[in-house]
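There are 2 protein chains.
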Amino acid sequence: MSDATPRVVIVGGGFGGLAAAKALGKTNAQVILIDRQNHHLFQPLLYQVATSVLSPGQIGSPIRGILRKQRNTTVLLGEVTRVDSDRRCVFVNSLDREGVVVEYDYLILATGASHSYFGHDEFERFAPGLKNLADAVAIRNRVLKAFEQAEAEEDPRRHGDLLTFVLVGAGPTGVEMASAMADLVSRALRAEFRRIDPTSARIVLVDMGNRVLATFSEKLSAAAKHRLEELGVEVRLGHGVDHIDADGVMVAGERIASKTVIWTAGVAPSPAAKWLKAATDRAGRVRVEPDLTAPGHPEIFVIGDTASLAQDGRPLPGVAQVAMQQGRYAGTLIHRRIGGQPKPRPFRYFDKGNMAVVGKGFAVLESGRLGLSGFLAWMAWAAVHLEFLAQSSLRVSVFVQWVWTYLTGQRGSRLIVNHHASVSNDVRAASPSERQPIETR
Amino acid sequence: MSDATPRVVIVGGGFGGLAAAKALGKTNAQVILIDRQNHHLFQPLLYQVATSVLSPGQIGSPIRGILRKQRNTTVLLGEVTRVDSDRRCVFVNSLDREGVVVEYDYLILATGASHSYFGHDEFERFAPGLKNLADAVAIRNRVLKAFEQAEAEEDPRRHGDLLTFVLVGAGPTGVEMASAMADLVSRALRAEFRRIDPTSARIVLVDMGNRVLATFSEKLSAAAKHRLEELGVEVRLGHGVDHIDADGVMVAGERIASKTVIWTAGVAPSPAAKWLKAATDRAGRVRVEPDLTAPGHPEIFVIGDTASLAQDGRPLPGVAQVAMQQGRYAGTLIHRRIGGQPKPRPFRYFDKGNMAVVGKGFAVLESGRLGLSGFLAWMAWAAVHLEFLAQSSLRVSVFVQWVWTYLTGQRGSRLIVNHHASVSNDVRAASPSERQPIETR
Numbered sequence: 000m001s002d003a004t005p006r007v008v009i010v011g012g013g014f015g016g017l018a019a020a021k022a023l024g025k026t027n028a029q030v031i032l033i034d035r036q037n038h039h040l041f042q043p044l045l046y047q048v049a050t051s052v053l054s055p056g057q058i059g060s061p062i063r064g065i066l067r068k069q070r071n072t073t074v075l076l077g078e079v080t081r082v083d084s085d086r087r088c089v090f091v092n093s094l095d096r097e098g099v100v101v102e103y104d105y106l107i108l109a110t111g112a113s114h115s116y117f118g119h120d121e122f123e124r125f126a127p128g129l130k131n132l133a134d135a136v137a138i139r140n141r142v143l144k145a146f147e148q149a150e151a152e153e154d155p156r157r158h159g160d161l162l163t164f165v166l167v168g169a170g171p172t173g174v175e176m177a178s179a180m181a182d183l184v185s186r187a188l189r190a191e192f193r194r195i196d197p198t199s200a201r202i203v204l205v206d207m208g209n210r211v212l213a214t215f216s217e218k219l220s221a222a223a224k225h226r227l228e229e230l231g232v233e234v235r236l237g238h239g240v241d242h243i244d245a246d247g248v249m250v251a252g253e254r255i256a257s258k259t260v261i262w263t264a265g266v267a268p269s270p271a272a273k274w275l276k277a278a279t280d281r282a283g284r285v286r287v288e289p290d291l292t293a294p295g296h297p298e299i300f301v302i303g304d305t306a307s308l309a310q311d312g313r314p315l316p317g318v319a320q321v322a323m324q325q326g327r328y329a330g331t332l333i334h335r336r337i338g339g340q341p342k343p344r345p346f347r348y349f350d351k352g353n354m355a356v357v358g359k360g361f362a363v364l365e366s367g368r369l370g371l372s373g374f375l376a377w378m379a380w381a382a383v384h385l386e387f388l389a390q391s392s393l394r395v396s397v398f399v400q401w402v403w404t405y406l407t408g409q410r411g412s413r414l415i416v417n418h419h420a421s422v423s424n425d426v427r428a429a430s431p432s433e434r435q436p437i438e439t440r
Numbered sequence: 000m001s002d003a004t005p006r007v008v009i010v011g012g013g014f015g016g017l018a019a020a021k022a023l024g025k026t027n028a029q030v031i032l033i034d035r036q037n038h039h040l041f042q043p044l045l046y047q048v049a050t051s052v053l054s055p056g057q058i059g060s061p062i063r064g065i066l067r068k069q070r071n072t073t074v075l076l077g078e079v080t081r082v083d084s085d086r087r088c089v090f091v092n093s094l095d096r097e098g099v100v101v102e103y104d105y106l107i108l109a110t111g112a113s114h115s116y117f118g119h120d121e122f123e124r125f126a127p128g129l130k131n132l133a134d135a136v137a138i139r140n141r142v143l144k145a146f147e148q149a150e151a152e153e154d155p156r157r158h159g160d161l162l163t164f165v166l167v168g169a170g171p172t173g174v175e176m177a178s179a180m181a182d183l184v185s186r187a188l189r190a191e192f193r194r195i196d197p198t199s200a201r202i203v204l205v206d207m208g209n210r211v212l213a214t215f216s217e218k219l220s221a222a223a224k225h226r227l228e229e230l231g232v233e234v235r236l237g238h239g240v241d242h243i244d245a246d247g248v249m250v251a252g253e254r255i256a257s258k259t260v261i262w263t264a265g266v267a268p269s270p271a272a273k274w275l276k277a278a279t280d281r282a283g284r285v286r287v288e289p290d291l292t293a294p295g296h297p298e299i300f301v302i303g304d305t306a307s308l309a310q311d312g313r314p315l316p317g318v319a320q321v322a323m324q325q326g327r328y329a330g331t332l333i334h335r336r337i338g339g340q341p342k343p344r345p346f347r348y349f350d351k352g353n354m355a356v357v358g359k360g361f362a363v364l365e366s367g368r369l370g371l372s373g374f375l376a377w378m379a380w381a382a383v384h385l386e387f388l389a390q391s392s393l394r395v396s397v398f399v400q401w402v403w404t405y406l407t408g409q410r411g412s413r414l415i416v417n418h419h420a421s422v423s424n425d426v427r428a429a430s431p432s433e434r435q436p437i438e439t440r
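Chains as they are written, first to last, in numbering that gives the first Met the number 0: chain A, 0 to 440; chain B, 0 to 440.
Worth double-checking, as some hints may not be accurate.
One copy or two, it doesn't matter: identical chains are merged, so the pair holds either way.
[As the list claims (entries may be wrong)] Listed next, the in silico EDC-like pairs over lysine to aspartate or glutamate satisfying Cα-Cα at most 20 angstroms (straight line):
(1) K21 x E298
(2) K25 x E191
(3) K21 x D104
(4) K218 x E229
(5) K21 x E191
(6) K68 x D196
(7) K130 x D120
Hints were generated in silico from the structure; no laboratory data involved.
Here chain A stands alone, though its shape is the one from the complex (with noise of 0.2 angstroms):
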């Protein structure tokens, strides 16, 4: 296809591909965005969800009330299954139908990443991980419900594994999962029950490295393991686990009995690499070009957790910034190659600098030179994070929010809901007979 409207499609409405969309909202290409949840996510406040501070609804917005006001981006909910990069199309799984194609004339993918047991899929089972808002909530229905379970429990030899969270994987993920469970359990829970006491709960972080937020610098690591402790969280550096089973872990030779074991190690780049059959570095991540796009197809650019790029000598790291820069060069790129404008200079990221919060009032920032730990850190980190919430009535009700747990220590959301199976007008549900490939356009 190619006519006077050339079509961007975008997989992915993360960071990325929201960042491209709206690079892309004023052109006169027609843009699809096509993603399997009908929400974008801020990621970085997930564990506030998963620890009851927030509301799914505080931290996910439809990326079609984003993209609104934008009249030539039509989004599409589905599951892209495979790239043709030969005919231009992807094939879309959507709600009641599968392969539906779509066809492009330039395709980004911005796909994301999944978690990695490294080898280990059989730990997903006991060991779940944190990438959705379905992963967050199971997470807070299952640290909650062990605190119910213990109290229901009279007899308190049996409250220690109950009562005992491991986190496998001390990046910045497991360190601010952690910090706000030891919080959760000394401010918000302390009080509420009688038989007994949250604040014996054990929380325990793991981690093969030698230090907690290896990324950042020695020093500001040495900070946050600190205030870890003093958060009461036990920190094991220098092995992983050996082995994770319905009542507990091994590391390093020692038997951890605890019924809640949460993955926060390992990222796995999502399938894009295999749609295109393309170059990966060893992580799985699809090389791209200095312009973001795929060895000999400059018509696909592929960025953020999907993308492998180095930058003087370093990968860049797979964060929110460099996904949502990258995704605003690949707008802008298409943008000036429909026009006819001469190519921009190489995609170069800008390190705005990095953070993470330890509990209530601390975090370490990273910034250049600049670095940072403590209450100033965490004003920032706090200043920051509202301003990204991409929705301005998020931003009210999640301030409203953090001022109130501050204060009181109270969580927002602390509800365990056994929701129902996904009703029948889910793909999974529609009888084979109801679903036939359906082209597009």
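Mind docking chain B on chain A? Use the hints.
Same frame as chain A, now just chain B:
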């Protein structure tokens, strides 16, 4: 059992159970409140979760949070399956154990109601009802997915049944749902689709009775109907649905093709009457004595939707106000009995009035001889509901959300989340060998 400290077991943490627990807060009784959810649900606003205005966390508050300062009260998460009134104990299925025995000196059954499909339980599959947060989230998913599906469907002839929503039952829930859905399509979704026009969606409200909101005066019923029609809702009275399947409903011989049918009629009592082998009214509710006790059991109270009691010749309605006043009465009566004080006068319901909202800025209100419809009634509705929201933090966030939605038409929580099935520490996932009856106390 019967020692120095009498034990009061309350089954159900709804409006009735919670009011009873609070009335017992300063007695020397030991109070155990058992609910199968960890949260008290502010049910009058449940339709706002189903229509994406509010997040589940905004209308659900953890019961143990509400009662945390009440040191004589223990909250247990579990489902009561049976009452043995001879042995004076209830049987509870807790998270991982079945048949836990909890003894009582006084028992308050406040177990509420669920849907009734009037003998057509096969309708449930196609027409889900709205009783708890999981229901509301499932309906929200379903409604939002219907629009997504229509947008993905390029053949406009296939949009009809996807964009037709049928609500069965024109009581408060049906009327409030229908008008909130009309607001949703005409305001929130309006500008967000490219291939469909959400305002073309058809919302049909069906009831076998001759008017909507039949418990209100005829004048207010007529005002509500008129308002619904102004909002674009088709109101079909005088005929129930004869049949429901995956493709729509049959009403008075006419087929209405619809992929989304919601059940807002019919209330079935909880099994409390069966537990007690007590006499019931036609609806299956336990006929209670004027002091709300079960006949022959001065130590067992039945309150709220589970109880049947006439006042001035008319049965009390199944509304939150009745449940709260009854809960308070039962708690106070037990308090007095424990203290050896004389019995209070029989329970008498003080009717503060009834309200139902019909879309943005319009409600009907009836209190004594006062009948009011329109904006003023809506202001009163909003004030009363904010006032009653259990937790003050919720009150702020709901208020912020309402103002936002009122001004912009935007909704706070328009997420489609494909929730995981319950995880392994759920009661249903535990293997039978792990479950063993355990006596408490």
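Verification of the hints:
1. K21 x E298: For K21 and E298, only the intra-copy Cα distance (18 angstroms) is at most 20 angstroms; the inter-copy one is 66 angstroms.
2. K25 x E191: between (54 angstroms within a copy, 17 angstroms between copies)
3. K21 x D104: Close inside one copy (18 angstroms), not across copies (65 angstroms); limit 20 angstroms.
4. K218 x E229: Classified as within: same-chain Cα gap 17 angstroms, cross-chain 65 angstroms, threshold 20 angstroms.
5. K21 x E191: between (46 angstroms within a copy, 15 angstroms between copies)
6. K68 x D196: between (51 angstroms within a copy, 15 angstroms between copies)
7. K130 x D120: within (16 angstroms within a copy, 37 angstroms between copies)
The structure shown violates none of the earlier numbered hints.
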